[in-house]
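If you read the protein sequences in the order shown, they are chains A and B. Once you know that position 256 of the first sequence is 255 in numbering that gives the first Met the number 0, the rest is easy, because the numbers rise by one and skip nothing. Once you know that position 76 of the second sequence is 75 in numbering that gives the first Met the number 0, the rest is easy, because the numbers rise by one and skip nothing.
Note that these hints are calculated values from the structure, not bench results. Keep in mind that the hints are not guaranteed to be accurate.
If several chains are the same, the list does not tell them apart, and a pair holds so long as it fits within one copy or across any two.
[As the list claims (entries may be wrong)] Pairs of lysine to any residue residues, derived as SDA-like cross-links and limited to a Cα-Cα distance of at most 20 Å, are as follows:
1) Lys-160 <-> Gly-196
2) Lys-335 <-> Thr-79
3) Lys-272 <-> Arg-229
4) Lys-329 <-> Thr-296
5) Lys-329 <-> Pro-293
6) Lys-38 <-> Ala-115
7) Lys-329 <-> Asp-300
8) Lys-268 <-> Ala-58
9) Lys-335 <-> Asp-170
10) Lys-272 <-> Arg-260
Number of protein chains: 2
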Amino acid sequence: MTHPLNTGGDRGYLRIATEEACATREQIDGYLRLVREGKADRGTTSLWGFYGTSPSERATTIVERLLDLDDRRIADMDATGIDVAILSMTAPGFQVFEADEAKAMCGRANDALAAAVERHPDRYVGMTSIAPQDPEWSAREIARGKAELGFKGVMVNSHTKGEYLDEPKFDPILRACAEAGQPLYIHPQSPPDSMIGPFVESGLDGAVFGFGVEVGLHLLRLITIGVFDRYPDLTICVGHGGEALPYWLYRIDYMHQAGVRSGRYERMKPLNKSIFGYMRENVCITTSGMAWAPAITFAMDVLGEDRVMYAMDYPYQYVPDEVRTHDLLKISDAAKKKLMQTNAERVFGL
Amino acid sequence: MTHPLNTGGDRGYLRIATEEACATREQIDGYLRLVREGKADRGTTSLWGFYGTSPSERATTIVERLLDLDDRRIADMDATGIDVAILSMTAPGFQVFEADEAKAMCGRANDALAAAVERHPDRYVGMTSIAPQDPEWSAREIARGKAELGFKGVMVNSHTKGEYLDEPKFDPILRACAEAGQPLYIHPQSPPDSMIGPFVESGLDGAVFGFGVEVGLHLLRLITIGVFDRYPDLTICVGHGGEALPYWLYRIDYMHQAGVRSGRYERMKPLNKSIFGYMRENVCITTSGMAWAPAITFAMDVLGEDRVMYAMDYPYQYVPDEVRTHDLLKISDAAKKKLMQTNAERVFGL
């Protein structure tokens, strides 16, 4: 890809931020309507009841930034030195609406994002949002996103009304990603009602903790059901340092194998590879929200230099210092270029 | 403490394993009765429905080993080179029974464990089990465990019927630990019904994943409610590499501070220290189930050499090779002695 800064000037690499959020007004208004009418689940009520109505600086600034796809966002990218942002519609996407409304709203949002990418082709890359409530429609939207909108990946905001993509009815979505040769990015939303109880009653349902464990669970559900045996070339991305799965890897692998051997669960069948193998060959993680040298270098060590990509998590964690944290990592220049630029170029086919 | 091996012979340190499980026959029969009568929660039904009835080698061997507090356990310790085992009653302890039954059964189990420690004083250290269903009784049992039974710590198998120790009614338990100067060890059990849905339907409710995130949540609930501001000298231990909280630390700290500033949750008040500070000063973690050099050294780096202790997780993860993994860690001799021996001696007051 050509870029005004070409190779990042003196620094020798572009900064490509891979998990950057935006929203349409219609989308946010939709959340607020669900909350107002008591039709939102507990997590959406907690999340958007806060961001949509709180007078706090955090909430108001984040909503303003989510909605801006032009001057303000580009200025923020310039101020922090982000060369390219890979954009997707913020959580919980369109997955909390009734299917017909979700599809209509999701299609319009994808069109709006494509228009923004067209206005700023050197700065933005788009991902296709979906409405898993209708898996076949979502599969068609993934194909449309690639063929007509120029999108480079697929975004799902984790569970859909408490259902996970390992359930057979969602297979068309996974197949469409594999056929498009595009990565599926699983972004957090709040845990579903069937899980959120002890998180939300203690204020730990959001990005502070609930988000991460729910996405880690989602990815592990997909791995253990054998999604990568079904689609060996599929790549799944998760943010936030891999939602802690890299740290858990030894224990997960041990207990998964013990579970398979003992036949404890009908669902848990032998897989072609170890969990470790899938994490190193089919999963990519990003550093969104985890701009911390120990965690980044740990993840690079255990997953490999090719599996970790930079992300800012704009606007939720818009902290210019965090870019510097990445720039100053004590890793080789080659590894840093992979982290900041070329892994994203490979995974998203830029 | 005197010990037949004195200083671990040539190796220069004792191996003190800090999270080692046992059970009484009455306790296991109690679980099976709850499961049979349909009175167990979903997690206990999954866990003990498996361990208590499966003909698999894993299940039958583990139950046999849990019940043995003499020859077989000592032989296994000798075979793997564990000098001292810090023992506690296995999950879910007595926390799934009605209060009166729980207290009676828990008291008898504490007596039985004390008798085993008396039979093998150089090899075993005991922890007091409690029945948080009755917080005042549990406080008295903690005092009795210290004064009469010679126990050195307090074991809680995480939530009690879906309730967590940060709730005000459990304060007597925390106060009793602080007054006894003994650490509170939070061991996993299955997530409560209010959380377990997407875990148990996918076979991920147990040690493979659900255990760890539930205990991580429990510890985070205690930290964020300010337990260590209330009891600045209290130590809480968690196993399994700190249940991933060390890896999450940067994000948790950032989002906790953002949450406090924005006033999102009534419950989330400013604390005296950062989450990072409490993790480094009031929390100790053990390596149970995480015999993996990258995770152990990561935890030692971010929490400090004084905060990480060896554990095997016998009999659930009885893997002689894992002892060797610890012995061969590329850390200083001084750090290794802390990990294997002296941190446990300090924390448990041996």
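Hint check:
Taking the shortest alpha-carbon separations for Lys-160 and Gly-196, both the intra-copy value of 15 Å and the inter-copy value of 13 Å come in at or below 20 Å. In this assembly of identical chains, the alpha carbons of Lys-335 and Thr-79 lie at most 20 Å apart only when taken from the same copy (17 Å versus 42 Å across copies). Taking the shortest Cα distances, Lys-272 and Arg-229 sit within 20 Å of each other inside one copy (12 Å), while across copies they are farther apart (48 Å). Both within a single protomer and between protomers do Lys-329 and Thr-296 lie at most 20 Å apart by alpha-carbon distance, with minima of 9 Å and 17 Å respectively.
Both within a single protomer and between protomers do Lys-329 and Pro-293 lie at most 20 Å apart by alpha-carbon distance, with minima of 10 Å and 17 Å respectively. Taking the closest pair of Cα atoms, Lys-38 and Ala-115 never come within 20 Å of each other, the shortest separation being 31 Å inside a single copy and 56 Å across copies. In this homomeric assembly, Lys-329 and Asp-300 come within 20 Å of each other (Cα to Cα) both inside a single copy, at 13 Å, and across copies, at 15 Å. Taking identical chains as interchangeable, the C-alpha atoms of Lys-268 and Ala-58 lie at most 20 Å apart only when they sit on different chains, with a minimum of 18 Å there against 44 Å within one chain.
In this assembly of identical chains, Lys-335 and Asp-170 lie within 20 Å of each other by CA distance neither inside one copy nor across copies; the values are 36 Å within and 49 Å between. For a Cα distance limit of 20 Å, the shortest separation of Lys-272 from Arg-260 inside one copy, 14 Å, qualifies, whereas the shortest one across copies, 45 Å, does not.
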